[in-house]
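Trainee: One letter stands for each residue in the lines below.
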Amino acid sequence: MINLLKTNFNAGARINAFTKQSGNAGAIASFVGRVRGENGDVDSLYLESYPRVTETSIQEAINAANDRWALIDVLIIHRIGTIKAGAPIVLVCTASEHRRSAFAACDFLMDYLKTEAIFWKKQIGENTAEWVEPRQQDYQDQARWK
Amino acid sequence: MINLLKTNFNAGARINAFTKQSGNAGAIASFVGRVRGENGDVDSLYLESYPRVTETSIQEAINAANDRWALIDVLIIHRIGTIKAGAPIVLVCTASEHRRSAFAACDFLMDYLKTEAIFWKKQIGENTAEWVEPRQQDYQDQARWK
Amino acid sequence: MKIFYFGRLSDRVGMRQETLALPTNIETLFALKSWLNDKHDLGGALEETSIKSMINQNLVHGDAPLTGCIEIGFLPPVGGG
Amino acid sequence: MKIFYFGRLSDRVGMRQETLALPTNIETLFALKSWLNDKHDLGGALEETSIKSMINQNLVHGDAPLTGCIEIGFLPPVGGG
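Chains as they are written, first to last, in the numbering used here: chain A, 1 to 146; chain B, 1 to 146; chain C, 1 to 81; chain D, 1 to 81.
Isolated chain A (complex conformation) (with noise of 0.2 Å):
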């Protein structure tokens, strides 16, 4: 499932409801990713998405996941709008009858959603606002998958 949310979400809340519905899956990966202060530097983040398009890109980056790996379940919850420095702003979870598989694609999708998911990004801080783009290590790790 995926959920483009202009509104904080309960990470724990999401996981332990996505854990429930996952049946018999013996092994569940989350991760959380939250918006970093940068000492102070940064506010907050505005986060911009192209509707139905970029959900339609990340159905398809968890397509590929569920080709490459045994899946049970997957759910991500992307923040969009503005997101202040400290809260959630994307969990990635992947259940599967084994660890090995619900690790690397979580690891797997979060590297898509750092690099190829249609979001353009936003720092604002006390006297800037700029977009910005990946970190040369985010493209490093999406390229392990290739």
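For the record, the hints were derived by calculation from the structure and aren't laboratory data. Possibly wrong hints are sitting among the right ones.
[Said to hold, decoys possible] List time: in silico DSS-like cross-link candidates among lysine-lysine, alpha-carbon distance up to 30 Å:
{"#": "1", "chain 1": "D", "residue 1": "52", "chain 2": "B", "residue 2": "121"}
{"#": "2", "chain 1": "D", "residue 1": "33", "chain 2": "D", "residue 2": "52"}
{"#": "3", "chain 1": "A", "residue 1": "84", "chain 2": "B", "residue 2": "20"}
{"#": "4", "chain 1": "A", "residue 1": "121", "chain 2": "C", "residue 2": "39"}
Use these hints to put chains B, C and D onto chain A, whose structure you have.
Mentor: Positioned in the frame of chain A, the structure of chains B, C and D alone reads:
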């Protein structure tokens, strides 16, 4: 922090508390392992530890993870005693600035817990009760880190 | 026709979307980009090679006719989530 | 002296722990194992090479004196969490 618990725990609530407490970590990876019912063959697991010795050995694994990756915080919760099929048996949470370290350390610690941690495990079914040892796959996973 | 400007393009154009009736002589994507460039004084921002275009939410490579086009998106490089 | 039998050893011995006063002639780990083997009729279960021993919660390799020993643990291969 290490918690060996004789009663069920709420994984989501623990992940939220961990996230809150890990201050400016941008990345929180977690893993929840549940007792698999194996299509009705397993009703519960009985897990035995060696009090203090088990905790000490897990702490050594956490120290090894801290030596290897830049981690902000680590939490390991592990059930002991009787755990019913479907219930969570383990939670590992790792927090770091960027996600690569959190993912790797979480994966590493799970491999440790599944092969070297000092637990004895009995699978209990309707008419059976047998002590079990790690799967071959668990040893292969663990060998990745040597 | 609905036109979306994403990310830094929205700052450049001064709006995130607009609905326009195109002059009849604007029949292709490249012609549209050039017309919008003049209209909004964009200094070639839409024509940068890093800008991707979607017609009716499908990615277009190179030029393309605008027949049947009801929505265009101009996408600068994505920023990651 | 406190003795712990873990995992399948506890089923074999029929208890998880016991507190024993050792005969004065039992001065080493190997002697203790042999004595417990006879006492509980274990068929060599404690002497299997896969069984690890901890004296005062420290792993012991091979034989070792029992001087100062207040706790012994016999550990079959761990089962994973």
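Trainee: Determine for every hint whether it applies to the structure shown.
Mentor: Hint-by-hint comparison with the structure:
Between residue 52 (chain D) and residue 121 (chain B), the direct Cα distance comes to roughly 17 Å. Compliance with the 30 Å bound is thereby established for this hinted pair. Proximity of residue 33 (chain D) to residue 52 (chain D) is assessed by CA-CA distance (about 12 Å); at most 30 Å being required, the pair is judged to hold. For a cut-off of 30 Å, the pair hint linking residue 84 (chain A) to residue 20 (chain B) stands: about 14 Å separates their Cα positions. Between the alpha carbons of residue 121 (chain A) and residue 39 (chain C) the distance comes to roughly 27 Å, so the proposed pair stays at or under 30 Å and holds.
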